[in-house]
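Undergrad: Here's the letter readout for the chains.
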Amino acid sequence: MIGGITLPSCKNKKTDTTTNTTTVDTTSSAPVVIANDDELTKGVNDATKDFPGVTASVNNGEVTLTGTIKRDRLPTLMQSINSLHPKKVNNNLTVEQ
Amino acid sequence: MALQQKYQELINAAKTSEVHNLQVREQNNVLYIDGEASSGAVKDNLWNIYNKIDPDFRAGDLVLNVNVKAASGSKAKVVTKESNLNIRKGPGTDQPIVGKAAHNEMVTVLNQTNQQWWLIKTDGGAEGYAYSQYLTPA
Numbered sequence: 005m006i007g008g009i010t011l012p013s014c015k016n017k018k019t020d021t022t023t024n025t026t027t028v029d030t031t032s033s034a035p036v037v038i039a040n041d042d043e044l045t046k047g048v049n050d051a052t053k054d055f056p057g058v059t060a061s062v063n064n065g066e067v068t069l070t071g072t073i074k075r076d077r078l079p080t081l082m083q084s085i086n087s088l089h090p091k092k093v094n095n096n097l098t099v100e101q
Numbered sequence: 119m120a121l122q123q124k125y126q127e128l129i130n131a132a133k134t135s136e137v138h139n140l141q142v143r144e145q146n147n148v149l150y151i152d153g154e155a156s157s158g159a160v161k162d163n164l165w166n167i168y169n170k171i172d173p174d175f176r177a178g179d180l181v182l183n184v185n186v187k188a189a190s191g192s193k194a195k196v197v198t199k200e201s202n203l204n205i206r207k208g209p210g211t212d213q214p215i216v217g218k219a220a221h222n223e224m225v226t227v228l229n230q231t232n233q234q235w236w237l238i239k240t241d242g243g244a245e246g247y248a249y250s251q252y253l254t255p256a
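In order, the protein sequence lines correspond to chains C and Y. So that you can map any letter, position 72 of the first sequence is 76 in my numbering, and since no number is skipped, the others follow by simple counting. So that you can map any letter, position 121 of the second sequence is 239 in my numbering, and since no number is skipped, the others follow by simple counting.
This is chain C alone, in the form it adopts within the complex:
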């Protein structure tokens, strides 16, 4: 259970206030790290394994999804793909009810 946590800053007690900036919400200027195509290809193969109607391709950090999927399964697949550090996700899937 993780329900006991209240404020992010509580984690950093005893430290100075500057460390809090890493925990508090921020619009960071650090560049977004994009996974390389080999990592992405392995990741999308794992993510789409249980989606037989879906084909995924990777090109220069962009993941493109084609094929068909049921609407109730779409968020599950998108969550997996989004966690692979792609540059962009092109959802060209035909979504069925």
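For the record, the hints were derived by calculation from the structure and aren't laboratory data. Keep in mind that a hint or two might mislead.
[Claimed, not checked] Beta-carbon label-pair distances, calculated as ranges:
#1 Y:Thr134 with C:Asn40: 29 to 39 Å
#2 C:Ser33 with Y:Glu200: 37 to 47 Å
#3 Y:Gln123 with C:Asp76: 27 to 37 Å
#4 Y:Gly243 with C:Lys53: 21 to 31 Å
#5 C:Pro35 with Y:Asp241: 37 to 47 Å
#6 Y:Ala159 with C:Arg75: 13 to 23 Å
#7 C:Asn96 with Y:Ile171: 14 to 24 Å
#8 C:Gly71 with Y:Thr226: 30 to 40 Å
#9 Y:Glu223 with C:Ala34: 38 to 48 Å
#10 C:Thr70 with Y:Pro173: 10 to 20 Å
#11 C:Pro56 with Y:Gly191: 28 to 38 Å
#12 Y:Ala220 with C:Lys53: 12 to 22 Å
#13 Y:Ser190 with C:Ser61: 30 to 40 Å
[To be verified] A few chain C residues that face chain Y, going by a derived Cβ cut-off under 7 Å, partial list only:
#14 Val36
#15 Asp50
#16 Lys53
#17 Pro79
#18 Met82
#19 Ser84
#20 Asn86
#21 Ser87
#22 Lys92
#23 Asn94
#24 Asn95
#25 Val99
Beta carbons are placed, not taken as given, at the ideal position from N, Cα and C, and that holds for glycine.
Given the coordinates of chain C, work out where chain Y should sit on it, guided by the hints.
TA: This is chain Y only, laid out in the frame that chain C set:
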């Protein structure tokens, strides 16, 4: 900044719910939201808002990478649709299957190898890597 306006409701929800190490960044016309959600419910809520703003996630202008942290030794529930969850020797679907966890079974998370693969152990003693999408911290 236009993208941050488009997804303002989502950003606000991430800021006001328990999302740690939240980062909101815009790069080459894509908005990246990264962080660690305190629970599966927090993550699901963010995805529901995303789906409301951009139905079926068509625009290709957001990468929402908010994942749920599970502490080592904590329990997680197998949330496959109905089938058993494969437990593998290593972190990848190319790895051999060394065991199974049943649908709705509670397993122990030994560590989060990465966002996709967690090392788990069942009460029956099967130990290996499982795809994290099918596990929810209990």
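Undergrad: With reference to the structure, classify each hint as holding or not holding.
TA: Hints versus structure:
1. Y:Thr134 with C:Asn40: 29 to 39 Å: Hint holds: Cβ distance 35 Å, inside 29 to 39 Å.
2. C:Ser33 with Y:Glu200: 37 to 47 Å: Given about 45 Å between the Cβ atoms, the range holds.
3. Y:Gln123 with C:Asp76: 27 to 37 Å: Holds - the Cβ-Cβ distance for Gln123 of chain Y and Asp76 of chain C, about 30 Å, lies within 27 to 37 Å.
4. Y:Gly243 with C:Lys53: 21 to 31 Å: Holds: the Cβ-Cβ distance is about 25 Å, inside 21 to 31 Å.
5. C:Pro35 with Y:Asp241: 37 to 47 Å: holds, 44 Å
6. Y:Ala159 with C:Arg75: 13 to 23 Å: holds, 21 Å
7. C:Asn96 with Y:Ile171: 14 to 24 Å: Check passed, 19 Å falls within 14 to 24 Å.
8. C:Gly71 with Y:Thr226: 30 to 40 Å: Holds, at about 36 Å.
9. Y:Glu223 with C:Ala34: 38 to 48 Å: holds, 40 Å
10. C:Thr70 with Y:Pro173: 10 to 20 Å: holds, 18 Å
11. C:Pro56 with Y:Gly191: 28 to 38 Å: holds, 35 Å
12. Y:Ala220 with C:Lys53: 12 to 22 Å: holds, 19 Å
13. Y:Ser190 with C:Ser61: 30 to 40 Å: Since Ser190 of chain Y and Ser61 of chain C have Cβ atoms about 36 Å apart, the given range 30 to 40 Å holds.
14. Val36: With a minimum Cβ separation of about 5 Å from chain Y (threshold 7 Å), the hint on Val36 of chain C holds.
15. Asp50: holds, 5 Å
16. Lys53: Status holds, d = 5 Å.
17. Pro79: For Pro79 of chain C, the interface hint holds, since the closest Cβ of chain Y sits about 5 Å away, which is under 7 Å.
18. Met82: Because about 5 Å separates Met82 of chain C from the closest Cβ in chain Y, which is inside the 7 Å limit, the hint holds.
19. Ser84: holds, 5 Å
20. Asn86: holds, 5 Å
21. Ser87: Hint holds; Ser87 of chain C Cβ to chain Y Cβ min 5 Å, cut 7 Å.
22. Lys92: holds, 5 Å
23. Asn94: holds, 5 Å
24. Asn95: Holds, about 5 Å.
25. Val99: Holds: closest Cβ of chain Y sits about 5 Å from Val99 of chain C, inside 7 Å.
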